[in-house]
Amino acid sequence: RMWKNYKAAMELLELDTADYIEGWKQHGQAWNCNCSSGILRTLLESVAGVITDFGTISIMPDICSSISVRNLWVRKCKWNITHIGNKHFSGITVDGNSYTKTCIVPDEYMTHAEHSLTVRHNSDKDDIKIFSFIGGVIELYEEKENSIAFNAKCNASSDLLILSPYDFSISINGSTANKEEIANETYRIRLSSTAKIEIHIP
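Sequential numbering from 2 applies to the sequence shown in our numbering.
You may find that some hints are simply not true.
[Claimed, not checked] The list that follows gives simulated cross-link-like pairs (lysine-lysine, BS3-like), each with its CA atoms no further than 27 Å apart:
1. K154 to K180
2. K88 to K154
3. K126 to K77
4. K154 to K126
5. K102 to K88
6. K102 to K79
7. K102 to K126
8. K145 to K126
9. K180 to K145
10. K180 to K197
11. K145 to K88
12. K77 to K180
13. K126 to K88
14. K79 to K180
15. K88 to K197
16. K145 to K77
Hints are computed from structural coordinates only; laboratory data are not their basis. All figures in this text were calculated on a predicted structure; none of them were measured in a lab.
Taking the hints into account, I'd like the entire structure generated from these sequences.
Shown next as structure tokens:
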């Protein structure tokens, strides 16, 4: 059923009467482990605001959650995730290092160790932020007051999504690039290979 005020739907099936060997013929993909992983994914995304697509960790910035996630395994890394504050998204703290303009954990933290991630919701207003990089990872991430720089690593067509309440400019490998506004305050930059990204904030 659809949960009010959440951004995902969870479907539960009664499997007691299903054919145990070939149950997929009756229920499609929602079967056994697929159903269980779907429930876990729904809880992570809609309740805790944590996305683990393609071996990265991204935060849904508009979900101000009080839920903590312990012992979440992603790419052989164990993560403990907490949320603090009850205002707008203001950044993440990864292993003690704070970032204010990204919802994505930089790839250099994906080591075989135990890590901590704190999601901060302390801002009085929205700010520019890297929201998602579907099909890729970000690494060597640096941010300053008026700029963001990082390597966007991908091997095929990938979409970098940026949320921003104000205009900004972007360069790819040192050359000015265009951005596409696909929704209100949501911009897409489509990449086909690994590139150096610089975002300039007025």
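Checked hints:
The suggested pairing of K154 with K180 holds, with an alpha-carbon distance near 18 Å, which does not exceed 27 Å. Restraint check for K88 and K154: the C-alpha separation of about 32 Å exceeds 27 Å, so the hint is violated. Taking the CA atoms of K126 and K77, the gap is near 36 Å; set against the 27 Å cutoff, the hint is violated. Annotation: proposed proximity of K154 to K126 is violated, straight-line Cα distance about 30 Å (limit 27 Å).
Of the pairs offered as hints, the one joining K102 and K88 holds, with about 16 Å between alpha carbons and a cut-off of 27 Å not exceeded. Between the alpha carbons of K102 and K79 the distance comes to roughly 24 Å, so the proposed pair stays at or under 27 Å and holds. As the CA atoms of K102 and K126 are separated by approximately 13 Å, the hinted pair is consistent with the 27 Å bound. A threshold of 27 Å between alpha carbons decides the hint, and for K145 with K126 the separation of about 19 Å falls inside it, so the pair holds.
The straight-line distance between the Cα atoms of K180 and K145 is roughly 21 Å, inside the 27 Å bound, and the hint therefore holds. For the hint pairing K180 with K197, the CA-to-CA distance comes to about 15 Å; that is within 27 Å, so the pair holds. Under the criterion of a C-alpha separation no larger than 27 Å, the hint pairing K145 with K88 is consistent with the structure, at around 23 Å. Restraint check for K77 and K180: the C-alpha separation of about 35 Å exceeds 27 Å, so the hint is violated.
Restraint check for K126 and K88: satisfied, since their Cα atoms lie roughly 8 Å apart, inside the 27 Å limit. A threshold of 27 Å between alpha carbons decides the hint, and for K79 with K180 the separation of about 35 Å lies outside it, so the pair is violated. Restraint check for K88 and K197: not satisfied, since their Cα atoms lie roughly 32 Å apart, outside the 27 Å limit. Taking the CA atoms of K145 and K77, the gap is near 31 Å; set against the 27 Å cutoff, the hint is violated.
Consistency with the previously given hints fails for numbers 2, 3, 4, 12, 14, 15 and 16, ordered from lowest to highest.
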